[in-house]
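If you read the protein sequences in the order shown, they are chains B and U.
Mapping of the first sequence onto this note's numbering: position 240 corresponds to residue 240, and the numbering continues sequentially without gaps.
Mapping of the second sequence onto this note's numbering: position 50 corresponds to residue 50, and the numbering continues sequentially without gaps.
To be clear, the hints were calculated from the coordinates, so they are not data collected in a lab.
All values derive from a computational prediction rather than experimental measurement.
Every residue, glycine too, gets a C-beta built ideally from N, C-alpha and C.
Hints are supplied without guarantee of correctness; some may be wrong.
As the list claims (entries may be wrong) - Here are a few chain B residues that face chain U, going by a calculated C-beta distance under 7 Å: (1) Val65; (2) Tyr111; (3) Arg112; (4) Phe215; (5) Asp244; (6) Leu245; (7) Asp247; (8) Cys254; (9) Pro277; (10) Ile295.
As the list claims (entries may be wrong) - Below, simulated SDA-like cross-link-like pairs (lysine to any residue); rule was C-alpha separation at most 20 Å, straight line: (11) U:Lys79 / U:Glu91; (12) U:Lys7 / B:Ala69; (13) U:Lys7 / B:Gln246; (14) U:Lys263 / B:Gln298; (15) U:Lys263 / B:Pro297; (16) B:Lys132 / B:Asn52; (17) B:Lys86 / B:Ala18; (18) U:Lys263 / B:Asp104; (19) U:Lys7 / B:Trp109; (20) U:Lys29 / B:Gly73; (21) U:Lys263 / B:Asp110; (22) U:Lys7 / B:Ala78; (23) B:Lys132 / B:Glu5; (24) U:Lys220 / U:Met281; (25) U:Lys144 / U:Pro107; (26) B:Lys173 / B:Arg157; (27) B:Lys301 / U:Gly257; (28) B:Lys301 / U:Asp264; (29) U:Lys263 / U:Arg243; (30) B:Lys301 / B:Arg112; (31) B:Lys132 / B:Gly162; (32) U:Lys29 / U:Thr84; (33) U:Lys7 / B:Glu63.
Each chain, letter by letter, is given below.
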Amino acid sequence: MKTIETRRLPDLAQALSAAGYCVVAPIEEGGVVRFREWAPGLAIAPGAVPANSSKDFLFPRSEVVARFALEPGGFSPAPVERSAVKTVVLCARPCDAAALTALDAVFNWDYRDGAYNARRQAMTVVSLACSKADEHCFCTSVGGAPDGVAGADAILRPADGGQLLVLDELTEKGRALAQAAAGTLSEGPAALDAPAVLPRRFDSEAVGRWLAANFESPFWKEAALACLGCGACAYACPVCHCFDLQDETDHAECRRLRNWDSCGFGLFTLHASGHNPRPDQSARWRQRVMHKFSIYPQKFKTLACTGCGRCSRLCQAGMAIAATCERIEALGR
Amino acid sequence: MNDDLYKPFLMRIETARDEAPDVRTFRLKFAEETERAEFFQRYRVGMFGLYGVPGEGESTFCVASPPTRDGYIECTFRKVGRVTQALQELEAGQAITFRGPYGNHFPIEDWKGRDLLFIAGGIALPPMRSVIWNILDRRAEFGKVTVLYGARTAADLVYKDELADWAARPDVTLVTTVDPGGQTPDWKGKVGFVPAVLKELAPSAQNCVAVLCGPPIMIKLTLPVLAGLGFSAKDIYTTLENRMKCGVGKCGRCNVGSVYVCKDGPVFTLEDISRLPAGDM
Ligand code: FES
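Working from the sequences, and respecting the hints, build out all of it.
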């Protein structure tokens, strides 16, 4: 088995960085663990579920998609450089890795999104199996597992009571990475730790069936009462991908930006005429649940939720999508 | 195909003309021949584009000219929001950004040999005008063509010159109407609301396809009249509008239920629409 001591994760990061990878890893800053670019001297915090998801490095919060030089009475197009840096996400959670396969679907059905695909191709995902889960985790209810490998190029599995990590390469990219890091890996025996035990909380297929038949239901009014429409859940979600296109201008130049957006915002569907098909928070929360558990599976044969629990960890109003799904399953019984 | 999905190309305004209060038509020329060729390879009537002004953003509306006239495209739009306001301030010679054509189209190949009834209200004639011209440019392939077009006032009718052309053609039946009080002293058309005028006109539903576009209230009141005339829901076509940003099924904005209006629409039959959740429109 290829192993590395858990405390030597920064050495692994160093070796990958030396091999030309931009290394992204969970790093603590001001008491919050986030996925961010690793730099020499930074500790890696493998235990936590980072507050942000690894989608940030595929589908950035804000990105220039077109550029125009502004001239008196007109404009002329200016080039946009496409950046796709060779990147490794180290210690991604299995729910983060699984989310990438869901994102691949929407960015590639029919029209293919070049900027997304370029980054995706340049990205190697090394997940870290979870040996513990918190009360917000629910990957087993949405087809995942604490040691799931969907979307990962390699997986690190904790062993010897967390002292060691065992590296399993899963794809060509994973093998290339193991080769690049060969100097930091040892060969030897290890006793794998048991993955976290996470009982299934709801049956996502039953939830989907109820949703398909209950667009109109008094449930939605009440289910959304606490929602403030802040959009934090969508920003933290590894699968949420709704975006806005906005122009940003200074005197000389206009940049057309693709910015994250959220179906929870009132402006999201507002027509120029003033009509809004989703005029209240209950319609918006319904859209969020529908999109993840009904629309997405109908369209792409995969859920748009991987059970990471970030939305409910963050929500200041105590909204939790897993609890909503439990209630929906009960309604369908 | 170009995978820079949100990078528009450039179009130059060849002519700009006012149609009605706040309604303007542009004839747009492609800056590059390759872009023109690629556009017309994909374009079918009913598809839409995103028209933009750098600094203001993009706005979605239909292409109002047919693929049978492939040297240019035309669009007709009303000043409603920030982008359409900026577009309306432009004049011939100036450039705009464009992405498209996107969306599905009217299945006119399936309509060959059938009679066609077009019913439009106000600013909803443009999406239909591309279909009408497409049909008229291939006149022999289709049966009777009837156009019923209503607007609030005579001034609000768009394409006034073309209406005169259609009225003069022996192979088109054109009926125009304005709401009571909307007529001018020399108004020659009908006075009355579209549903009432349709009832009076009573076109046969036999082997006929109806295309219906207009304000929601007009559609709502016209549908029962069409049903009364014997039109079935699968022979009535309309277009849905929704706020759009990407136009290519990515940004997640245009869903009605599980349908993406930008990809699965904008053209739907009444039968399709009856399956969508009304509470999401
Ligand atoms: S407009 Fe973006 S998904 Fe339809």
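Hint-by-hint comparison with the structure:
For B:Val65, the shortest C-beta to C-beta distance to chain U is roughly 4 Å, which falls under 7 Å, so the interface hint holds. A distance limit of 7 Å between C-beta atoms decides the matter here; for B:Tyr111 the minimum to chain U is near 4 Å, and the interface restraint holds. A cut of 7 Å between beta carbons decides the hint on B:Arg112: the least distance to chain U is about 5 Å, and the hint holds. With a least beta-carbon distance of about 4 Å to chain U, the hint placing B:Phe215 at the interface is held under the 7 Å criterion.
Annotation: interface hint on B:Asp244 holds; nearest CB of chain U at approximately 6 Å, less than 7 Å. At about 5 Å, the closest approach between the beta carbon of B:Leu245 and any beta carbon in chain U falls short of 7 Å, and the interface hint on this residue holds. Of the supplied interface hints, the one on B:Asp247 holds, with its beta-carbon coming within about 5 Å of a beta-carbon of chain U, less than 7 Å. About 4 Å separates the beta-carbon of B:Cys254 from the nearest beta-carbon of chain U, less than 7 Å, and the hint is met.
Because the closest C-beta pair between B:Pro277 and chain U is about 6 Å apart, less than 7 Å, the hint holds. For B:Ile295, the suggested interface contact is upheld, since its CB lies about 4 Å from the closest CB of chain U, less than 7 Å. For a cut-off of 20 Å, the pair hint linking U:Lys79 to U:Glu91 stands: about 15 Å separates their Cα positions. About 14 Å separates the Cα atoms of U:Lys7 and B:Ala69, which keeps this hinted pair within 20 Å; it holds.
For the hint linking U:Lys7 to B:Gln246, the alpha-carbon distance of about 13 Å falls within 20 Å, and the restraint holds. At roughly 15 Å between alpha-carbon atoms, U:Lys263 and B:Gln298 fall within 20 Å of each other, so this suggested pair holds. Using a Cα cut-off of 20 Å, the hinted pair U:Lys263 and B:Pro297 holds, with the two alpha carbons roughly 17 Å apart. Taking the CA atoms of B:Lys132 and B:Asn52, the gap is near 19 Å; set against the 20 Å cutoff, the hint holds.
Only pairs whose Cα atoms come within 20 Å are accepted, and B:Lys86 paired with B:Ala18 is accepted, the gap being roughly 12 Å. Restraint check for U:Lys263 and B:Asp104: the C-alpha separation of about 18 Å stays at or below 20 Å, so the hint holds. Of the pairs offered as hints, the one joining U:Lys7 and B:Trp109 holds, with about 18 Å between alpha carbons and a cut-off of 20 Å not exceeded. Restraint check: the Cα-Cα separation between U:Lys29 and B:Gly73 comes to about 18 Å, which is no more than 20 Å; the hinted pair holds.
The suggested pairing of U:Lys263 with B:Asp110 holds, with an alpha-carbon distance near 9 Å, which does not exceed 20 Å. Straight-line distance between C-alpha atoms of U:Lys7 and B:Ala78 comes to about 11 Å, which keeps the hinted pair within the 20 Å bound. Taken as a hint, the B:Lys132 and B:Glu5 pair is honoured in the structure, with Cα atoms around 19 Å apart against an allowance of 20 Å. A hinted pair counts as satisfied when its Cα atoms are at most 20 Å apart, and U:Lys220 with U:Met281 qualifies at roughly 13 Å.
A C-alpha spacing of about 17 Å is found between U:Lys144 and U:Pro107, which places the hinted pair at or below 20 Å, so the restraint holds. The suggested pairing of B:Lys173 with B:Arg157 holds, with an alpha-carbon distance near 18 Å, which does not exceed 20 Å. A C-alpha spacing of about 16 Å is found between B:Lys301 and U:Gly257, which places the hinted pair at or below 20 Å, so the restraint holds. Distance restraint check for B:Lys301 and U:Asp264: the Cα-Cα separation of roughly 17 Å lies within the 20 Å cut-off, and the hinted pair is therefore satisfied.
Restraint check for U:Lys263 and U:Arg243: the C-alpha separation of about 13 Å stays at or below 20 Å, so the hint holds. A distance of roughly 18 Å separates the Cα atoms of B:Lys301 and B:Arg112; the hinted pair therefore holds under the 20 Å criterion. About 11 Å separates the Cα atoms of B:Lys132 and B:Gly162, which keeps this hinted pair within 20 Å; it holds. Simply put, U:Lys29 and U:Thr84 have alpha-carbon atoms about 19 Å apart, close enough for the 20 Å limit, and the pair holds.
Simply put, U:Lys7 and B:Glu63 have alpha-carbon atoms about 12 Å apart, close enough for the 20 Å limit, and the pair holds.
Checked against the numbered hints listed earlier, the structure breaks none of them; every hint is satisfied.
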